[in-house]
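Please model the entire structure based on the sequences and the hints provided.
Number of protein chains: 4
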Amino acid sequence: MNACCMKAVVIPHVRGAWTVSQVAIPEPKHDEVLIKLHASGICYSDVHLTQGSLPGKFPQILGHEPAGEIVAVGAAVTSRTVGDRVGLAWNQRSCGRCEWCLGGRPRFCLHGISTGIEVAGSHAEYMSAPADATMLIPDALSYEQAAPIFCAGYTVWGGLQYADPKPHERVAVVGIGGLGHLAVQYAKAAGFETIAVTHSPDKRALATQLGADAVVESGAELAALGGADIILGTGNSHQAMVDAIAGLRPEGRLVWMGVAEDPFVVPARLFEQRGRIVASGQNGAQYLYEALDLAARGKVRVMEECFPIDQAAEAYERVATGKALFRAVLVM
Amino acid sequence: MNACCMKAVVIPHVRGAWTVSQVAIPEPKHDEVLIKLHASGICYSDVHLTQGSLPGKFPQILGHEPAGEIVAVGAAVTSRTVGDRVGLAWNQRSCGRCEWCLGGRPRFCLHGISTGIEVAGSHAEYMSAPADATMLIPDALSYEQAAPIFCAGYTVWGGLQYADPKPHERVAVVGIGGLGHLAVQYAKAAGFETIAVTHSPDKRALATQLGADAVVESGAELAALGGADIILGTGNSHQAMVDAIAGLRPEGRLVWMGVAEDPFVVPARLFEQRGRIVASGQNGAQYLYEALDLAARGKVRVMEECFPIDQAAEAYERVATGKALFRAVLVM
Amino acid sequence: MNACCMKAVVIPHVRGAWTVSQVAIPEPKHDEVLIKLHASGICYSDVHLTQGSLPGKFPQILGHEPAGEIVAVGAAVTSRTVGDRVGLAWNQRSCGRCEWCLGGRPRFCLHGISTGIEVAGSHAEYMSAPADATMLIPDALSYEQAAPIFCAGYTVWGGLQYADPKPHERVAVVGIGGLGHLAVQYAKAAGFETIAVTHSPDKRALATQLGADAVVESGAELAALGGADIILGTGNSHQAMVDAIAGLRPEGRLVWMGVAEDPFVVPARLFEQRGRIVASGQNGAQYLYEALDLAARGKVRVMEECFPIDQAAEAYERVATGKALFRAVLVM
Amino acid sequence: MNACCMKAVVIPHVRGAWTVSQVAIPEPKHDEVLIKLHASGICYSDVHLTQGSLPGKFPQILGHEPAGEIVAVGAAVTSRTVGDRVGLAWNQRSCGRCEWCLGGRPRFCLHGISTGIEVAGSHAEYMSAPADATMLIPDALSYEQAAPIFCAGYTVWGGLQYADPKPHERVAVVGIGGLGHLAVQYAKAAGFETIAVTHSPDKRALATQLGADAVVESGAELAALGGADIILGTGNSHQAMVDAIAGLRPEGRLVWMGVAEDPFVVPARLFEQRGRIVASGQNGAQYLYEALDLAARGKVRVMEECFPIDQAAEAYERVATGKALFRAVLVM
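Protein chains in written order, with the working numbering: chain U, 3 to 334; chain X, 3 to 334; chain H, 3 to 334; chain D, 3 to 334.
Hints are supplied without guarantee of correctness; some may be wrong.
For identical chains, the list gives no copy identity; a pair is met inside one copy or between any two copies.
To be verified - Below 30 Å or equal to it, Euclidean Cα-Cα: the simulated BS3-like pairs (lysine-lysine) are: (1) LYS9 - LYS31; (2) LYS59 - LYS325; (3) LYS301 - LYS38; (4) LYS168 - LYS301; (5) LYS301 - LYS190; (6) LYS190 - LYS31; (7) LYS59 - LYS31; (8) LYS190 - LYS168; (9) LYS9 - LYS325.
Keep in mind the hints are simulated off the structure, nothing from the lab.
Here's what the structure looks like:
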């Protein structure tokens, strides 16, 4: 291996194997930084992309939960410097000219560039990215802990905030997995009484350990406990979210954090409760900042399995088969 | 007919005929007023109740869009007096003891009493009702115009408000019927650019007359015009509402104003747009007050067909078969 | 003393002494309940009323923090029954006819009736009040603990809510007294990092005991700690609130909970921070419900001195001279 | 004059004269564009800066209401191209590393760079600016009309939005001048009933022409007309804003758009009305986008006096002495 080469997990074509290869280290553009990655979280969307259920382009290096240190900066970069510890979220660039870009909501740009979709992602030893798209990682937070916050943590914290929660409200978390185990912790960190909703008997004790004030199996059980004002719908079953609406309190909100494959049929009960379904992705830099801060202050801890990049295929397998507890992170 | 009798439209049993009968004039209780009705709007829920698709109890006098004048007050009534022009909305009483009653949201009381459901409604010459449940009708508004505001007008104005519209946003109205023809007018009265979405060629010109800035046939056409931030879902087709989501702008809200019979399947586009489904019924006295005020100021005019109470069966027929343009009102 | 008489603290004229007298037990009106009082909190506004710095009418029985049990109900009362444990807040009745009453915001009625102002208050063995104005007291909460929640607790919890606090925000409480010692507890109960701002060295340790994460002396010190997004301005010094603005974070809100006597001069820093001054009284039944609930669940505990009603003059003296720690409550 | 020189209005030192000089055309940095200016609005803050009542550094070229076309782009610029019609607002750059920059609120960065303060502004034939700080000007909007929107229009529209106005609310505008004449138009464009508050008899007719539904002289008169839910405080008198609070409706908001020199003493009435003082500067790119859009659609028209850059001193004089009706714009 020479100086201009690096290890990267390359997927040659849709449904191809995760293959560790030697590829060229990217050159940062004028406004970019070069990041030496130390950790890169594997998200379930990596599985969707690999399998083709989300559209990608191949060959590709996936990975949109990067954490590393800057080792070079482009000529136009003023806000980052070599040695900065950074990560970034899904959205890297946008056109800068459409209504959404001009109005400060570039996430809705139709020409956006996403990490690991239109450009190479973070399952590699290095990646380049626009300086402005990077976020500083708090000193107290390790790269391994930081990486999954850039997608999973950001998503659940942003989702909670997007539901506009009020003091004294109760939060339920549907699904105790990659997102859900963080959602319970974030909801507790924010001071809310929090109820976990899970069908898995083996996750009941875990949910309690994570801070849940109660654990139930269904929306009906949630209702019996008094219900929840906010239901954070994590996991990949719309049916589980819809079921939970049986436990939605009046004027409650179901936060829909990701598209699953089964149909999402709104029940009449949502109407009776004057409820809301709130679709929420990654909602703004402030929430990413806060999500990292809460992790740095020890209020939230990612449960994760770490794998050297050379074992990327094995790590992928754990995630794809739902065995990872709960995030898998490549370390470099 | 003697002094203690009145005409009323009595439905003897579920799926029974609307029959004008002589019944006793109700006695107002201590905290009630007796209203001599001058107008009583027929709402499509009256059809659902008659046909049994909404649960009711029979024999019953339906009607929850009353407008009339007070002719007697109970001993404990201090805020109303003989001669007051009043109407009232669906919710009359609640238990006063549950969390929702104590917390100022009696609409969610599990023991609420609704006009024309648990107690006799307004398709009659007189009705009694709690003084506190009545709303004064502005002087400038006729009884015939006021009556439909107590359900239809209140619902659409409250729904618009519940979506938290911001200046410069665009509103679309799905369905140009009993609610929709008011929704277009209310949205315009509030200053919003407003687009009507209707499949009926004969309603296109009408929608324009009502003030719509544009009329389209589908969500796709709505999208082509730039989309809407708020979609007011009136009418009895979830499919039409779901179709309209194709034209929902980022962070947009679909206001769901009533439960239809077809399944309501949330499309992935709602997620992509970070949108919301906002269920909304009658949302608070302030909005009823405002809805009446806008009508009194001539900003909104109900299109309606008036029928003497003796022709109640014919009026019902017009509503049940969708022929009424757009509200039918019994006058006494 | 015979059956129709009771002890009451009567103030004969403005600036008169608090005098325990025998007066007739009130007769509840049709829509009223008769409450046998067990506790009645003394609020600093009682001092203002006594001294004439707030307008009252005399002779009068003051007291607007009542807690007791219902012993009789008027003929029109359906939602309360003998034996109910209740209290009520300042606003009892309003005209029912103005824009504010019709629109569900009776607090702004120009003809409102307030407990202890236009009608006799709760410093007595009995009081009557409209059934609808009473709130049930949770079983787990004693009368002595409940009483001060009906004004002091309600005010601080409603004020916090009215500031629309977001998860991860920081709260500061200016003034550690009758309101402030509750504000610290309520802010912590809601999950916020909370900083007490007090000039009194002897209150520093206490504020920490109440749950404050930090205690500072001034807005400058608050700023040095990173500032606060929400400043709850309790106490009777506008100057202290204005000083605290030095520690207001961007887009922060100063909640103004009561009018003091010194001028309230807005500093330019409020503008630079794009901040807000939020005036807040008692903001809605939901917040009173929640404030009682949090106390019943042991999250908040009123620090109070209890006095038999016969020692009302002494209790008043403690409050008027600022010696009471922190609420004085008459018990009957 | 040669190719690398341009005319610019240079102020040699604080309280110095506005002097048209030949200076070097700036070189755009990597991430910057060079703008050939066609219009540059003069804002009253230019007077404050010139006179030293706002801190500046000299010699300086002022001007933060630029409108022109791009004639060159730096090497790292991808979102702008030669020929683009652009302007920009006050904030150009920030550190990119502090909590506020990382969290998407760079306006609060302590190391921000503002147009015409830390770097040369737009009273010149050319200026350079970061591409990302520029906003495209709608085709339908002339440079002369666009320029004042970048500060004055943005401020009033953002201020209205920041007050969170609801349909059916009433807006009052205090002061009919550079900001106020736009505020009336923007409030009307957003559909609100709008009342102008002005002491100048000669502005009454004008306010009506601009669309005001009524014109009053004082808060007391405003109250007599029913008051306003939102008061937009423009102009340079806190006393006028405070006076207007006499006409603030319950839960109303006074939007404080700029710091004046007289003390701002909050009246007790704000408390009684449970009102708010909302400080508001330039609140987010979305509002600038919308403000330009409304002007481009002809809903708002800046009243302005245009001066060739050679007459900058005269233009300044008009503004400084309050004679300009209402904005003065240099054209190049």
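Tell me the hint numbers this structure goes against, listed in increasing order.
The structure conflicts with hint 6 only, although it agrees with all the remaining ones.
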